[in-house]
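These protein sequence lines are chains A, B, C and D, in that order.
The opening position of the first sequence corresponds to residue 1 in the working numbering, with each subsequent residue numbered one higher.
The opening position of the second sequence corresponds to residue 1 in the working numbering, with each subsequent residue numbered one higher.
The opening position of the third sequence corresponds to residue 1 in the working numbering, with each subsequent residue numbered one higher.
The opening position of the fourth sequence corresponds to residue 1 in the working numbering, with each subsequent residue numbered one higher.
Take these hints with a grain of salt, some might be off.
Rough simulated footprint, nothing fancy, chain D against chain B, three-plus residues with beta-carbon under 8 Å [what the hints assert, rightly or not]:
#, segment
1, 53-64
2, 98-106
3, 132-139
It should be emphasised that the hints constitute simulated quantities derived from the structure, not laboratory data.
For clarity, every value in this text was computed on a predicted model and none was experimentally measured.
Each residue gets a CB set at the ideal place from its N, CA and C atoms; glycine is no exception.
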Amino acid sequence: MLVHVTDETIDPGDLATRFYSRHPDAAVATFAGFVRDFNDYGRVDSLFLECYVEMATRVLNDLGNKAKQRFGLRAWQIVHRYGEMETADPIVFVATSADHRVEAFAACEFVMDTLKTDAPFWKREHSGGAGHWVTVKGVDTDRRERWSTEDLDQ
Amino acid sequence: MLVHVTDETIDPGDLATRFYSRHPDAAVATFAGFVRDFNDYGRVDSLFLECYVEMATRVLNDLGNKAKQRFGLRAWQIVHRYGEMETADPIVFVATSADHRVEAFAACEFVMDTLKTDAPFWKREHSGGAGHWVTVKGVDTDRRERWSTEDLDQ
Amino acid sequence: MTITVKFFSLIREALETEQLTLELTDSLRTVEALKNELGLRGKAWSETLSHPNLIQAVNQRVVFPEEGIEDGDEVAFFPPMTGG
Amino acid sequence: MTITVKFFSLIREALETEQLTLELTDSLRTVEALKNELGLRGKAWSETLSHPNLIQAVNQRVVFPEEGIEDGDEVAFFPPMTGG
Numbered sequence: 001m002l003v004h005v006t007d008e009t010i011d012p013g014d015l016a017t018r019f020y021s022r023h024p025d026a027a028v029a030t031f032a033g034f035v036r037d038f039n040d041y042g043r044v045d046s047l048f049l050e051c052y053v054e055m056a057t058r059v060l061n062d063l064g065n066k067a068k069q070r071f072g073l074r075a076w077q078i079v080h081r082y083g084e085m086e087t088a089d090p091i092v093f094v095a096t097s098a099d100h101r102v103e104a105f106a107a108c109e110f111v112m113d114t115l116k117t118d119a120p121f122w123k124r125e126h127s128g129g130a131g132h133w134v135t136v137k138g139v140d141t142d143r144r145e146r147w148s149t150e151d152l153d154q
Numbered sequence: 001m002l003v004h005v006t007d008e009t010i011d012p013g014d015l016a017t018r019f020y021s022r023h024p025d026a027a028v029a030t031f032a033g034f035v036r037d038f039n040d041y042g043r044v045d046s047l048f049l050e051c052y053v054e055m056a057t058r059v060l061n062d063l064g065n066k067a068k069q070r071f072g073l074r075a076w077q078i079v080h081r082y083g084e085m086e087t088a089d090p091i092v093f094v095a096t097s098a099d100h101r102v103e104a105f106a107a108c109e110f111v112m113d114t115l116k117t118d119a120p121f122w123k124r125e126h127s128g129g130a131g132h133w134v135t136v137k138g139v140d141t142d143r144r145e146r147w148s149t150e151d152l153d154q
Numbered sequence: 001m002t003i004t005v006k007f008f009s010l011i012r013e014a015l016e017t018e019q020l021t022l023e024l025t026d027s028l029r030t031v032e033a034l035k036n037e038l039g040l041r042g043k044a045w046s047e048t049l050s051h052p053n054l055i056q057a058v059n060q061r062v063v064f065p066e067e068g069i070e071d072g073d074e075v076a077f078f079p080p081m082t083g084g
Numbered sequence: 001m002t003i004t005v006k007f008f009s010l011i012r013e014a015l016e017t018e019q020l021t022l023e024l025t026d027s028l029r030t031v032e033a034l035k036n037e038l039g040l041r042g043k044a045w046s047e048t049l050s051h052p053n054l055i056q057a058v059n060q061r062v063v064f065p066e067e068g069i070e071d072g073d074e075v076a077f078f079p080p081m082t083g084g
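Turn these sequences into a full structure, and let the hints steer you where they fit.
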């Protein structure tokens, strides 16, 4: 399964192991994100990640295919968790493989940067009984924008 | 072990699993390289990777520490195989973790780019009974050079 | 025509609504017109749906308010995304 | 003084030598002087060790030919590296 959007626990180690086994290509880059225990204001106890599942699945499929075409990937995978999570729980896993490391790295970073602003997930952080919705960071919008100047296919 | 230089088989899936388990940080980037079955001239059957082991260990330790300082990493690991290898065997595994993905990705790419030109390994490719030493690629020297303009600590 | 409308995150909370199934007159042909129609439900609705950061999707694709709506479509409203 | 000299890859093959332990006079104080000394062993040695792409290391750190050598040092000669 190239894209998997799930409210069940994901296992990045197992996902990486399977990806390597199926695609021992010259260059394989991965990214795994875990729930952080801090934000700009202090400690975070848990995270609720809301998701528009059907749309997320479609957006991530489009994104993987676009990355494959743009960077000449041999293979890719995107797995994203949603729902209630604790600190240090894995949220996201992305793997990209290519003939050369430059393309594998660029594709993996492109997927993460684009996913952050284009895939329908919304973070709500809880700390000490209080919760708040995370707002978009300027850095994320800027990172997304970097790729757009070359987005000839959009 | 932060750095491991070995002539025994390495297991990137197991290495990634252990790294995630020890360092479930907000952003974890990894790179795994496998022996390619082709080069600029055609098919490759096997690879001999010669290594100056004591120096490689020292260079990779210095490189990991420099990446940690430069990109504010929380953790890192570099594992490099040497000796006789077959097509699709894993050669190298690098993992970097940070509070934000930009730093994790940049550090992982910095380590790979620098390792290619600064760590004492030499590839000899075999195809159909003939062997030849791989020569340095211009792209690798250029990639290494990218980071040097900011190498204020060197 | 019949459409489904979904609301997420802050928008869902502000409207206290996750999902609606609406019967619309055939003259109501764009997302913008749908927003105006829903805005008649009260102040929370008119204010929330006119927020400059509001994103709208039709059949799981982000669209401009001028986008057309057809029978069977799924329309969604939500704030900027914060995944990853 | 006594030093160890190691050769790798193409250099090792051209010299048909992996490692040497050398007793040097105390006047032989730099990598450059060591290369000249080794070059006296024959054409393969003088040509290989004067190749412009040759890299030299002292105690596992890449150095310029002007680098000093001391008793107990480990000197190495090798071509540009191609790992990863």
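Status of each hint after checking the structure:
Remark: the segment 53-64 of chain B is confirmed as covered by chain D, as 5 of its residues place a Cβ nearer than 8 Å to a Cβ of that chain, reaching the required three. Residues of the segment 98-106 of chain B lying with their CB closer than 8 Å to a CB of chain D number 0, which falls below the three-residue condition for coverage. Given as covered by chain D, the segment 132-139 of chain B passes the check, having 4 residues with a CB less than 8 Å from a CB of that chain where 3 are the minimum.
In this structure, the one hint that does not hold is number 2.
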